[in-house]
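Chains A and B, in that order, give the protein sequences.
Mind the numbering: the first sequence is residues 1 to 107 in our numbering, read in order.
Mind the numbering: the second sequence is residues 1 to 115 in our numbering, read in order.
For the record, the hints were derived by calculation from the structure and aren't laboratory data.
Take these hints with a grain of salt, some might be off.
With a cut-off of at most 25 Å between alpha-carbon atoms, the simulated SDA-like pairs for lysine to any residue come out as follows [claimed, not checked]:
1. K9(B) <-> E59(B)
2. K81(A) <-> V13(A)
3. K81(A) <-> G40(B)
4. K9(B) <-> G40(A)
5. K81(A) <-> E108(B)
6. K9(B) <-> H38(A)
To give an idea of the interface, some chain A residues facing chain B are shown, with a C-beta separation under 10 Å as derived from the structure [to be verified]:
7. H38
8. G40
9. G53
10. G93
11. L95
12. F97
Think of the CB as a built atom: it goes at the ideal place given N, C-alpha and C, for glycine as much as any other residue.
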Amino acid sequence: GQSLEQPSEVTAVEGAIVQINCTYQTSGFYGLSWYQQHDGGAPTFLSYNALDGLEETGRFSSFLSRSDSYGYLLLQELQMKDSASYFCAAGGGRLYFGRGTQLTVWP
Amino acid sequence: NAGVTQTPKFQVLKTGQSMTLQCAQDMNHEYMSWYRQDPGMGLRLIHYSVGAGITDQGEVPNGYNVSRSTTEDFPLRLLSAAPSQTSVYFCASSYSRGGDGGELFFGEGSRLTVL
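Excised from the complex, chain B in its bound form (with noise of 0.2 Å):
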């Protein structure tokens, strides 16, 4: 089991520009989200997923798409980077809903800077 993997790892954009982040996990389960982690402001939820077809906003969703094709994959794509959008954003899933007690899995993050 690989677990969530997210890739880039890493990545720099200029303003203005488009990428997906991609992220993959093998556990089946329904549930995925989407962070974004800032100094001081903790893990703040983007968007979510409670199953393949299905995707919500979270609390800071302005800028982010997402897409639920399948069960394994929940990319998030940012439309027209902007420099607010430099942060770590971390994938998670879990076999449960949001907050029922589901452990959520983390993948390792993506380092996003847009100059």
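So here's chain A without its partners, still in its complex pose (with noise of 0.2 Å):
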């Protein structure tokens, strides 16, 4: 089977720094990626590790760890429009997502 687990909620504020962790198991893994979807919208692509390391696009970074099926999206600088749902998904061939991790950024 497959599953990504990655916290349900985290809470910030403005200027801050924020990681959410994805821990992952898939039946073929290609790498992992990223996702944000803002409240009523679609998701749209943040980011893609296919290697182990730390990709950074912006405020945004990805790292992955392939040895320990694991990975993060640290974001930086946090600005309001950053509070959305943020997932991890990953799979070989097929995409699967993990449940979502719920940003509230305050001012």
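From these two lone chains plus the hints, build me the complex, please.
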């Protein structure tokens, strides 16, 4: 089977740094993706890690450790607009999603 | 480019009725998939396709049928709607196989209520 575990919710204040962890177990694995979804909207792609290590895209970074079946999304300089749900996703040929982490950013 | 287009955006059905959710993409993507999203459950894969004429089941395929006669279209059919199928449905497409790094492009979603 497959499972992707991530915390259900995280809160932080504007300007802070937050890390959302994801542990995975999938039948087939190419890499770990992250998606953002605002209330009422569709998920949008944030990042993808195929190899171990850190990938940085502006204020967002994503990390993968294949040996630990673990990854995280790091959000820096948090802004109110970052309040959303964040999903990790993985698979090999078909893409499975975690249940999502609701991030609330307070002023 | 319209991207991924889903219709209808909202639908109310009675138990036992059938319907088709339409999905079309204009990006020439080979990989297409359907997800349902329920509160606290994340996105669960219903069916997916890696190209015209090829479909396969995901995590929660029961009660749903799909077909892929063209690269562009991937309709999802509810054969006999049940209240448990009340959900938000997302169609998504990608240029690469699911999970291997290709960005998954999502439609706006179809909100289905089964009474």
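Right, here's what the structure says about each hint:
Annotation: proposed proximity of K9(B) to E59(B) holds, straight-line Cα distance about 23 Å (limit 25 Å). With a C-alpha separation of about 12 Å, the suggested pair K81(A) and V13(A) falls inside the 25 Å cut-off, and the hint holds. Between K81(A) and G40(B), the direct Cα distance comes to roughly 21 Å. Compliance with the 25 Å bound is thereby established for this hinted pair. The straight-line distance between the Cα atoms of K9(B) and G40(A) is roughly 12 Å, inside the 25 Å bound, and the hint therefore holds.
The suggested pairing of K81(A) with E108(B) holds, with an alpha-carbon distance near 19 Å, which does not exceed 25 Å. Restraint check: the Cα-Cα separation between K9(B) and H38(A) comes to about 17 Å, which is no more than 25 Å; the hinted pair holds. A least Cβ separation of about 12 Å between H38(A) and chain B goes past the 10 Å threshold, and the interface hint is therefore violated. Against a cut-off of 10 Å between C-beta atoms, the interface hint on G40(A) holds, since the closest Cβ of chain B lies about 9 Å away.
With its C-beta approaching chain B no nearer than about 15 Å, G53(A) sits outside the 10 Å limit, and its interface hint is violated. With 10 Å as the threshold, the beta carbon of G93(A) comes within range of chain B, its nearest partner Cβ sitting at about 5 Å, so the hint holds. Restraint check, L95(A) versus chain B: the minimum CB separation of about 4 Å is within 10 Å; hint holds. Given the 10 Å rule on beta carbons, the hint for F97(A) holds: about 4 Å separates it from the nearest Cβ of chain B.
Hint compliance for this structure: hints 7 and 9 are broken, all remaining hints hold.
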